[in-house]
Each structure stands twice: as C-alpha cells, then as structure tokens.
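Student: In case you want the letters, here they are:
2 protein chains.
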Amino acid sequence: MTEPAPVFAKGVDHERITEQLRFVLETDKLKRVLRRNTLIDGSRRENAAEHSWQLALAARTFAEYAPKGTDISHVVEMLVLHDIVEIDAGDTFVYDTHESASQPERERAAADRLYALLPGDQNAHTRALWEEFEARETREARFAHAIDRLAPMLANWHTEGGAWVRHRVTRDQVLDKVRIIGEGSRALGAYAAALVEDADRRGYFTRPASRG
Amino acid sequence: MTEPAPVFAKGVDHERITEQLRFVLETDKLKRVLRRNTLIDGSRRENAAEHSWQLALAARTFAEYAPKGTDISHVVEMLVLHDIVEIDAGDTFVYDTHESASQPERERAAADRLYALLPGDQNAHTRALWEEFEARETREARFAHAIDRLAPMLANWHTEGGAWVRHRVTRDQVLDKVRIIGEGSRALGAYAAALVEDADRRGYFTRPASRG
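Residue numbers (full-length UniProt numbering), protein chains in the order written: chain A, 1 to 212; chain B, 1 to 212.
I should point out that these hints are in silico values taken from the structure, not numbers from a laboratory.
Don't take every hint at face value.
[To be verified] Listed below are the simulated DMTMM-like cross-link pairs for lysine to aspartate or glutamate, each with C-alpha atoms no more than 20 Å apart in a straight line: (1) B:Lys29 / B:Glu3; (2) A:Lys68 / A:Glu137; (3) B:Lys68 / B:Glu132; (4) B:Lys29 / B:Asp96; (5) A:Lys10 / B:Asp200; (6) A:Lys10 / B:Glu64; (7) A:Lys68 / A:Glu183; (8) B:Lys29 / A:Glu64; (9) B:Lys10 / A:Glu64; (10) B:Lys68 / B:Glu137; (11) B:Lys10 / A:Asp198; (12) B:Lys29 / B:Asp88; (13) A:Lys29 / B:Asp121; (14) B:Lys10 / A:Glu197; (15) B:Lys29 / A:Asp41; (16) B:Lys68 / A:Glu160; (17) B:Lys10 / A:Asp121; (18) A:Lys10 / B:Asp91; (19) A:Lys68 / B:Asp121; (20) A:Lys10 / B:Glu183; (21) B:Lys68 / A:Asp13; (22) B:Lys29 / B:Asp112; (23) B:Lys10 / A:Glu183; (24) A:Lys68 / B:Asp13; (25) A:Lys29 / B:Glu160; (26) A:Lys10 / B:Asp41; (27) A:Lys29 / A:Glu3.
Here chain A stands alone, though its shape is the one from the complex (with noise of 0.2 Å):
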C-alpha cells in the first residue's frame, strides 16, 4: 500500500483526503492487471485501466443503442469503478469455467478491502454502484455488460481470432456472452451475434470434438 504524502493543506480535512488519497494510489495498480486480450493492433496485452477507460468512451459513443430512458452517466460510472476488484482478484477470463467458480468470492473480498479504504460515505456509495453492475438488474448494468462483453469481441475479431484462437474458445461459449450482450442492448447483440457469425466463417473457433 502507498502511503499518501504527510503534507497539510489548509482548509482541508487532513484524514478525509488522505483516505481519497489512499484509495486513488491504490488503483494506480489496476494499470498492471493483464487481461487475455490484446489491444486491437496485437501489439501487447491489455491491461484492465486503460480498458475501463475504452468501455467509458464506448458507452458514450454506442448510447443510442441502449434501452430508452438509460442513465448514461451512470453506467459510465459503474464502468470506471467495476474492473478495480481485479486488483486483489485478477483478471477472470470469461471462457475459463474454473476461474470463474471462485470469482465471485475472489472479488468480493477484495470490494471488502479496496472500496473499504474510501471514507465511509464513498465506501457505501462506489460499493453500491458495483453491486448493482454484479447484480445485473438493472437497465444500466445491463447495458454496462454489453459494453463489457463487446469491447474484448472486437479486439479477438480484429487479431484473427485473438484469445479465442489462443484460448481455444467455441463458438457455443461466444453465443453465450452474446446473450448477456443482447440483454443490456437488442441492436449492439444483433451486431455481436453478426460478428460472431463472420468470425465463424473466417475459422477463428475452435470446433468441438465430433462426437461420432
């Protein structure tokens, strides 16, 4: 943990800031979380920062697309707080069944440790808001879930196949997440679902063992 600077300010709550403070710092560290895909050149991996910055921007751009009456802002808030559990949790590869069993307590623990260092207001406040992307009930979340679930599409598309290729994806197991896609936007899954099918045809999945 970095300690944030011991220097007074006047005219500020000395133990407030220093607890944004701590929590700000903190977070420089989701920088390092690698994610399975690469960015859209296949220069590198991902980290989970600068992608949580990229589903902001798409939010924004793919608004339209989203159900009538969706709180923009609000789903890019939720955004730019949900991958910070990665931190102490790591980065879950959708498509692996074993990682994705412990998740839930994985993340929660480290929600219990990471919001936690927030004032008590904002603890309860940033906790809520990622309970309610986790919970996916509302429209907003549903629809930050199709943004989440797209953006990593797009960049396996775009590196021929990327981590499906390398990760020996399906197109079964893609369809699935399609789904969560068209839950949250009915235009942004039928686009996934067409992607997909292109993606097929261009031999980007991994075809399941024949049965005969």
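With the hints as your guide, set chain B onto chain A.
Tutor: For chain B alone, kept in the frame of chain A given last:
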C-alpha cells in the same frame, strides 16, 4: 486506420454503426501514447488511456472539492475524451515550452480528423466537449484541468521527483501548474501547493542557475 468488420446486423443502421466502430477502434491507439510520468510504483511510463481512466476515477473521488453546483458527470465526460487528440498530436510535456508552442495547432488538426470519424451529430457534440475543456472557462472544464494537473504531481511525488527530476523541472514551473489546479478547486490547489513545498524540501526540484 483499422476498418470495422464487414458485417450487417438486422435492424441496425450499417453506415452509422460502422462510423462509430471506426472511431472506437481508432481510439485504441491512445493506449500506445506514452506520457512523461511513470506509474506510482515507477515500473514503467504511463499511457494516455489508463491516465484518462484514472482522471475519471479521481474526478469522482474528489468531487466534493469542486465548486458547488459542478456537474461531475460532465467533468468525467470531458476527461474521458480530452486526450484522444494525442493519438495524432502526441503527448505534450507541460514543462516543455518548445513542444507546448505548437501544441494547439497540432491538437486542433488531430481533433479535426479524429472526432470527424464519428457520425455528424456525435462529432459536433464531442468536439464541443473538447473545445469546452480546452477553453477552461466553465467550472466543469476548470475542475477537469485541476484533476488532470494533480494526477501527474502525485505520480512524481511518489517516485522521488520522477519526471520533475528527469526533465530538470523547477519549483516555480510546477507552482505555475498549481495555480491552474487552484482555479478549478480551492482545496485541491491548497493540497497541491503543500505537496510541492514538501517535494521542494526533499530536493526534487532543479535549482535555477544563480545569477550572481
């Protein structure tokens, strides 16, 4: 320029979503624009995309230090977008007067190309947000600048002077940026001023040559 996949999704305006995807794919390049400061742990240089993410997070965390009535969602929107011009214009080190002289022209040309990848209505809206940020006249733009200036100061303090030391920056040069922070947030300006005094005591700044 990475061209979006040639796929057609039922019920989705192909031309429009293709333009939006071209923009999102192009902005992936911001992940490869390196800044002068490093991560807080000093392990590598920071890129402009992960920097933008952290600014969005910091704006939210420090929201209470913005002038009353500041729309933080609007601040976050500007911060998510403001560095995209660096894809073409590169990162300009704020203490490099030679680079800074040509910065407005380079960034304007970049904005002309990059935001124009979006459909016309979105180009106009995004461009207006960027112009607002650059003009630094609204309280939202001023607070966004305060956050943008504070973040690298934290990184430099936590790496024993970091880019200040490497690029022989003086205390007075940094105090000039502290002034900009104070114009966006009195409290964050006071904190930054105290941080710079502390950094000065620790010898992180280059002394101006004596005129004796």
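Student: All the hints need checking, so say for each whether the structure fits it.
Tutor: Hints, verified against the model:
At roughly 14 Å between alpha-carbon atoms, lysine 29 (chain B) and glutamate 3 (chain B) fall within 20 Å of each other, so this suggested pair holds. Under the criterion of a C-alpha separation no larger than 20 Å, the hint pairing lysine 68 (chain A) with glutamate 137 (chain A) is consistent with the structure, at around 16 Å. Restraint check for lysine 68 (chain B) and glutamate 132 (chain B): the C-alpha separation of about 19 Å stays at or below 20 Å, so the hint holds. Of the supplied pair hints, the one linking lysine 29 (chain B) and aspartate 96 (chain B) is violated, its CA atoms being roughly 23 Å apart against a limit of 20 Å.
Restraint check: the Cα-Cα separation between lysine 10 (chain A) and aspartate 200 (chain B) comes to about 18 Å, which is no more than 20 Å; the hinted pair holds. Of the pairs offered as hints, the one joining lysine 10 (chain A) and glutamate 64 (chain B) holds, with about 16 Å between alpha carbons and a cut-off of 20 Å not exceeded. Only pairs whose Cα atoms come within 20 Å are accepted, and lysine 68 (chain A) paired with glutamate 183 (chain A) is accepted, the gap being roughly 14 Å. Restraint check for lysine 29 (chain B) and glutamate 64 (chain A): the C-alpha separation of about 24 Å exceeds 20 Å, so the hint is violated.
A hinted pair counts as satisfied when its Cα atoms are at most 20 Å apart, and lysine 10 (chain B) with glutamate 64 (chain A) qualifies at roughly 16 Å. The straight-line distance between the Cα atoms of lysine 68 (chain B) and glutamate 137 (chain B) is roughly 16 Å, inside the 20 Å bound, and the hint therefore holds. Taking the CA atoms of lysine 10 (chain B) and aspartate 198 (chain A), the gap is about 14 Å. The hint holds against a cut of 20 Å. A threshold of 20 Å between alpha carbons decides the hint, and for lysine 29 (chain B) with aspartate 88 (chain B) the separation of about 9 Å falls inside it, so the pair holds.
Distance restraint check for lysine 29 (chain A) and aspartate 121 (chain B): the Cα-Cα separation of roughly 37 Å exceeds the 20 Å cut-off, and the hinted pair is therefore not satisfied. About 13 Å separates the Cα atoms of lysine 10 (chain B) and glutamate 197 (chain A), which keeps this hinted pair within 20 Å; it holds. Our distance criterion of 20 Å between C-alpha atoms is met by lysine 29 (chain B) and aspartate 41 (chain A), whose separation comes to about 8 Å. Distance hint between lysine 68 (chain B) and glutamate 160 (chain A) is unfulfilled; the C-alpha atoms sit about 50 Å from each other, more than 20 Å.
At most 20 Å may separate the alpha-carbon atoms for a hinted pair to count; lysine 10 (chain B) and aspartate 121 (chain A) exceed this at roughly 45 Å. For the given pair, lysine 10 (chain A) sits about 33 Å from aspartate 91 (chain B) by alpha-carbon distance, which is inconsistent with the 20 Å threshold. Distance restraint check for lysine 68 (chain A) and aspartate 121 (chain B): the Cα-Cα separation of roughly 18 Å lies within the 20 Å cut-off, and the hinted pair is therefore satisfied. Restraint check: the Cα-Cα separation between lysine 10 (chain A) and glutamate 183 (chain B) comes to about 16 Å, which is no more than 20 Å; the hinted pair holds.
Taking the CA atoms of lysine 68 (chain B) and aspartate 13 (chain A), the gap is near 17 Å; set against the 20 Å cutoff, the hint holds. The straight-line distance between the Cα atoms of lysine 29 (chain B) and aspartate 112 (chain B) is roughly 17 Å, inside the 20 Å bound, and the hint therefore holds. A distance of roughly 16 Å separates the Cα atoms of lysine 10 (chain B) and glutamate 183 (chain A); the hinted pair therefore holds under the 20 Å criterion. As the CA atoms of lysine 68 (chain A) and aspartate 13 (chain B) are separated by approximately 17 Å, the hinted pair is consistent with the 20 Å bound.
For the given pair, lysine 29 (chain A) sits about 18 Å from glutamate 160 (chain B) by alpha-carbon distance, which is consistent with the 20 Å threshold. Pair hint lysine 10 (chain A) plus aspartate 41 (chain B) does not hold up; C-alpha atoms about 28 Å apart against a cutoff of 20 Å. Annotation: proposed proximity of lysine 29 (chain A) to glutamate 3 (chain A) holds, straight-line Cα distance about 14 Å (limit 20 Å).
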